[in-house]
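4 protein chains.
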Amino acid sequence: MIPRYSRPEMVAIWTPESRFRIWFEIEAHALDAMAALGVVPVEAAQRVWEADRAAGAFDVARIDAIEAETKHDVIAFLTHVSERTGPEARFLHQGMTSSDVLDTCLAVQLSRAADLLIADVDALLAVLERRAFEHKRTPTIGRSHGIHAEPVTFGLKLAQAHAEFQRGRARLVTARAEIATCAISGAVGTFANIDPRVEAYVAEKMGLVPEPVSTQVIPRDRHAMFFAILGVIASSVERLAIEVRHLQRTEVLEAEEYFSPGQKGSSAMPHKRNPVLTENLTGLARLVRAAVTPAMENVALWHERDISHSSVERGIGPDATITLDFALARLTGVMDKLLVYPERMRKNLDRMGGLVHSQRVLLALTQAGVSREDAYRLVQRNAMKVWESDGALSLLDLLKADPEVTAALGPAEIEEKFDLDYHFRQVDTIFDRVFGRHG
Amino acid sequence: MIPRYSRPEMVAIWTPESRFRIWFEIEAHALDAMAALGVVPVEAAQRVWEADRAAGAFDVARIDAIEAETKHDVIAFLTHVSERTGPEARFLHQGMTSSDVLDTCLAVQLSRAADLLIADVDALLAVLERRAFEHKRTPTIGRSHGIHAEPVTFGLKLAQAHAEFQRGRARLVTARAEIATCAISGAVGTFANIDPRVEAYVAEKMGLVPEPVSTQVIPRDRHAMFFAILGVIASSVERLAIEVRHLQRTEVLEAEEYFSPGQKGSSAMPHKRNPVLTENLTGLARLVRAAVTPAMENVALWHERDISHSSVERGIGPDATITLDFALARLTGVMDKLLVYPERMRKNLDRMGGLVHSQRVLLALTQAGVSREDAYRLVQRNAMKVWESDGALSLLDLLKADPEVTAALGPAEIEEKFDLDYHFRQVDTIFDRVFGRHG
Amino acid sequence: MIPRYSRPEMVAIWTPESRFRIWFEIEAHALDAMAALGVVPVEAAQRVWEADRAAGAFDVARIDAIEAETKHDVIAFLTHVSERTGPEARFLHQGMTSSDVLDTCLAVQLSRAADLLIADVDALLAVLERRAFEHKRTPTIGRSHGIHAEPVTFGLKLAQAHAEFQRGRARLVTARAEIATCAISGAVGTFANIDPRVEAYVAEKMGLVPEPVSTQVIPRDRHAMFFAILGVIASSVERLAIEVRHLQRTEVLEAEEYFSPGQKGSSAMPHKRNPVLTENLTGLARLVRAAVTPAMENVALWHERDISHSSVERGIGPDATITLDFALARLTGVMDKLLVYPERMRKNLDRMGGLVHSQRVLLALTQAGVSREDAYRLVQRNAMKVWESDGALSLLDLLKADPEVTAALGPAEIEEKFDLDYHFRQVDTIFDRVFGRHG
Amino acid sequence: MIPRYSRPEMVAIWTPESRFRIWFEIEAHALDAMAALGVVPVEAAQRVWEADRAAGAFDVARIDAIEAETKHDVIAFLTHVSERTGPEARFLHQGMTSSDVLDTCLAVQLSRAADLLIADVDALLAVLERRAFEHKRTPTIGRSHGIHAEPVTFGLKLAQAHAEFQRGRARLVTARAEIATCAISGAVGTFANIDPRVEAYVAEKMGLVPEPVSTQVIPRDRHAMFFAILGVIASSVERLAIEVRHLQRTEVLEAEEYFSPGQKGSSAMPHKRNPVLTENLTGLARLVRAAVTPAMENVALWHERDISHSSVERGIGPDATITLDFALARLTGVMDKLLVYPERMRKNLDRMGGLVHSQRVLLALTQAGVSREDAYRLVQRNAMKVWESDGALSLLDLLKADPEVTAALGPAEIEEKFDLDYHFRQVDTIFDRVFGRHG
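Residue numbers (full-length UniProt numbering), protein chains in the order written: chain F, 1 to 439; chain G, 1 to 439; chain R, 1 to 439; chain V, 1 to 439.
Read the hints as simulated data drawn from the structure, not as lab findings.
The reader is advised that the hints may include incorrect statements.
Note that identical chains are pooled: a pair holds if it fits in a single copy or bridges any two copies.
Once the Cα atoms are required to be at most 20 Å apart in a straight line, the calculated DMTMM-like pairs of lysine to aspartate or glutamate come out as [stated by the list, open to error]:
# : residue 1 : residue 2
1 : K205      : D421
2 : K71       : D115
3 : K385      : D350
4 : K347      : E251
5 : K400      : E25
6 : K71       : E256
7 : K337      : E25
8 : K71       : E204
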């Protein structure tokens, strides 16, 4: 967890206080369920809740001190609960094993983290939708291989990002479902000393579903899937961030991160306005992805469990969720305030002397009966001249002066192929697909 | 693709012949759709199909030769189709771009690969279910940290694996849906020169759905998700493989890979029977997982596309699917023929002098009014003696001789805590959860 | 950085105080060099050092507050230095760029981290050497595939680990050399506004060498190599940790992590003594390795630099070094106090009925003129009987009763092949190779 | 191994024929050593070499057929050697274990692969040096964050790449030394049945050094280091490839991959000239890096060995070396034939209205007594006007018209700060550092 790349709501999920609070709820709900089954006195369960209300927040330092002796975190916690509750606390945790508490707690924490991430994506989607409609008809050049291809609109670029984050949202919902399970099944998952109805009760109270079969621990393929999904979403963040970085390049400059008054781009070069937020997002994406492989390596625990996953999760649990939360929020801010320069987009679009229309001419030649190979050759020989002139020559002019071309197409036919709006006839169709509306 | 870790059906998906066949179908179906829309002559579309039927398989070497000159694979393919079709071929690919063919083809290949993997998992699930019921009541020791914990049954271990691969199956269905999209949207995804209805028609014919918004290419977050899921399933393969490897250790030997007549375990040591198949699976899991990060790095293509993803996918596309297919089939074979030794399981279970029952005694003491801390101390001091005797002493005997223990529990009460069947009372419940039945 | 897996000396390298102190030294040494070159007044350089001595530790909160406005960390720092120094501070940083300070600082931090890691490995090597000699002649079974193979000594196992960490140490020295470079070369590395002699001076003062050619930043292939080496060493940690975990398994129990009084192995099962430290190390190894791929993804910065590496390094810089430092120290502690059980090793070694000697018999038969194929068959048929008896039968007895065997070898010859010491004749040779001595 | 990304010399290292030839040499040299020690008849050793010379190439299909039965590759090979040699073959492999052959063979293969890679880097270095000197004084804009910073020369960019691949070369030499070891130490590495002098002899004959302590296998930290180094070099390939991709962008177009006659950039857009080779290299870098984590996961083999590493190495051994060899050669070709456009570089450099000189003015103001903060403000306010004019205004003109500026600096002083050559005064120094010469 890097403080400067953290937001308080996500950080709060991972504090010791938060963890102990969840542990307590799991234990206390389990005790209620045991009391209802007649396994423990109802009064003990009531007393545990009352003592907690009276005592308030947990004393993290005290629990740490006990753990320093026992070298076991759950025992330390229970000892502390016992200190503030009295003898009734001895009924807590009966028939349970530490992992019942730890794994169910992790499920609660990751579920809450997923909820925040889903909300983050929703905020991003709202911004992307607004700006996509704002620029639905703003022409800009589409680029493949970094080279001008054919016209698109800036709104289409944002629609693509919207569709990608819609998928990201659906994946986060899947991720949440993957890890939102509760295991209260005892030392090796047999419910030897605890009734499965306790698990069902705690699951419901904590907003989870029971794990069908656990083995002291909840199986880690679930967590691997969770972090893999975070890695995919981080990669989508990276994609949009890199788009902005490209657009802000000096020679392109079609869009720019908002540059606040007082901000300094460089200690040495006062003229600099750098896309530092999106560069930062590129790096944060690498950090989130770094959680994926360790999470997968965690799956193959030995027999009914080993504890090698634990240190990994102490790292990647907070790190990956906090970093992705921050990255999504930062990306939302960038896209919300992004400075967009339609004039510059148009200037870039036109700088190639009309080369971006070459395909339409090619198709028209083919439809006029020229073989595909010949048509390609005719267009390419004129296109190459324009290319080599760095846009000083005009493809339209050259084509109209090429007798092999004019043998197949009249001047008006050729000119018609250079119409920009032609390319945008299906923008509404695509917006309908992505947003369910186009106006 | 490593031949010895390959199966023919999956390999067939990735041959040049297979790829060219799919390309042809995409192009020819697109031509049909264009003909239906009146864009091209119906006769041209018909001729293309007829010429293909007449010509049969594609001449891969010829296409390669053309590509060596043009340095463009789709143009080389179309040139070859033109050679075997005649002038009508010029109508093919109109308004399309290479990626329309390549990406839709990859979607078909990955979908078919997913279908095979789903079938693989189904076969594995069937074997796991059969063997889980076979050993539903076979007692064996549950181990956490590699140390004896409490009794489970071997069937429960297999039920856990079954539940994990049920999740794997569901994830593969998700993976298939993620990548089963078709893009026929032209050079930058605007449908500038092709009607969206062509895309819809080809999608349906090829068993796909249209990509809502493409940008010359289908967005690579889809493929990242696909390969991430393969990585998670490979990790589950690794988990079960490592379980078998542990069980086959000389000192444990509770189960063993089938050892065929004529097989030699070691060139130097004739007595060896090694778990080489599951060790191999452990390595194969690493190979499949190796595809995950490159697939995620592929997401952030520049602008409307760059082609950096292509070489990665030429590698991981076949490699990860072929390897996982092989691994799942090998694991199914291992589990199908696994030699299981219930007597040895029982012998191991008993070797700890009854220590595995310590928790039940602990709970009984607590319920008899002893404080949790005291109960823990009482059990531990006797348990440690048994531990240090390496199972020569009996925990039951020691407890019955410990006055602090017998002050709380009578001999019959203590003995009752050493009943093995007690641990298996919920096996039916768990089987119901996993298999929807317990008998 | 996970507090429970951190040690103070390594943490200290990465505090804001430490970073600002290094920044100051770089700037102030650079100013001295500029003063010596006559570029700035000597008095200014002197004043900067004096003011710092007078002011003491940096006010981190104040610097953070300035950065919140300027959004630039080095400018914020310089502003603060200016506040505590007076007008002479304006000569600082002349002709330099932020990265001159940041990258050189990172080089200092990583060099110091490397020094600590080298010291960690030295401590581990000392422990491994002591215990290797302690158990130089302690017989134990060597295992391939988890199956008994032939006898080794426990000292040989430790000698192998020693040799591996010797390589690790050499790699850390390489890692240190890779990143111990200084760049004071200005905005794009041309020394346009700063004399290369300033770089040379600062390099020497900070214990670095000048970077031959920098581009505002020090090239990140250096850092990629650094973190890759950390990942390899973490993998060696994992290997030795897994060896201990295997040895501590209930059925093997040839060695055990030290179990301190008061420690509780399980909240539910008082008898448990789990290898939790080495399991933890297995997880920590995954965390350290997680830094490798992001570090490699950092290499391809755009043009003369982009800042995407920065957030990655804010994470992995402290995380990977702190975690590996902790892991090495923990492993040293584990190996130092490891409980080794020679009797149990011998018992395990003997449990296979002498199968571990099968190869020597095979060789003897071959040398007595039996074909390799026949010899293998003869040994295997007797070995399989012993195997199936689970060690109840003796290979020696069976061989002496096999007429095809005795036709080639006399009883004394056969018996001689079962001599344990025979296997240890080269232990001194190996110790000489590893330790440069064998006694 | 992807055929289109493969070169024959590297592929040849990994063929079955090549592997069996190395196996044979290891076995036959070992037999010579044993004969010299009097362990086996000298005639047997001679006969083995003679029979091989007579028989010629190995019959791979025959060996495969035997392996299909024995399920053991080395036994299958030895059986085949026996078939073509006669009874003397029974002396082969005595006291050895399969891994002695397999691991030593892999060491030979990886060493040879390293030699090819070193030669590849040498070829690349030669091209980079030639072109660096060609463009030593070709001015171009240096960019940080994709934004114009200050002038550099194109030769400096190439010098940086040269320095990076010099480091890569040194790392490859390290990688080669890491894996060039020979182990002929028997079933568990004790030399129980083989004299260490055999290992020494074979090592020398095969161009290796003896492994100090092996455990049936050569320790895999060596291979992890090898593949990690390949990953770092691949990342350097990616860096230079991305530089070319950026330079070839339509709006930048300062350099271009050579575009051969007959090449088609796009099936749909005849005007396209895409940086497909460097995009391809970007993807290949991801593939090579994908080998790093599996190689590290291979380190922690169980006890004296398990075979999980084997399948991984069957994949990454050929794949990573073949891909990196191809990538280095492709990059060399790209850089050799790269079309460089100095006029365009100059045009881009000048397009910012002189903003690239802003830092020098800032420094001059400071040296003229203006406080750093004021100087920054003065330069920034003029720079922002130029920035917003998109280069239509001139920074020089504005500064000369700013009374606060002219109060500190005279017109000639200001003009002098806009001298391009000023930035290149240290180019010779840097070339000396990188190439050991500057002319």
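These are the hints, each one checked on the structure:
Proximity of K205 and D421 under a CA criterion of 20 Å is satisfied in neither setting, with 57 Å inside one chain copy and 31 Å between copies. For the identical chains of this complex, K71 and D115 are neighbours neither inside a copy (33 Å) nor across copies (30 Å), given an alpha-carbon limit of 20 Å. For the identical chains of this complex, K385 and D350 are intra-copy neighbours only, at 16 Å inside a copy versus 25 Å across copies, given an alpha-carbon limit of 20 Å. In this assembly of identical chains, K347 and E251 lie within 20 Å of each other by CA distance both inside one copy and across copies; the values are 11 Å within and 11 Å between.
In the homo-oligomer, the alpha carbons of K400 and E25 never lie at most 20 Å apart, since the shortest distance is 79 Å inside one protomer and 37 Å across protomers. When the C-alpha separation of K71 and E256 is checked against a cutoff of 20 Å, the pair qualifies only between copies, where the shortest distance is 17 Å, while the shortest distance within a copy is 53 Å. In this assembly of identical chains, the alpha carbons of K337 and E25 never lie at most 20 Å apart, being 42 Å within a copy and 39 Å across copies at closest. Taking the shortest alpha-carbon separations for K71 and E204, neither the intra-copy value of 31 Å nor the inter-copy value of 46 Å comes in at or below 20 Å.
Consistency with the previously given hints fails for numbers 1, 2, 5, 7, 8, ordered from lowest to highest.
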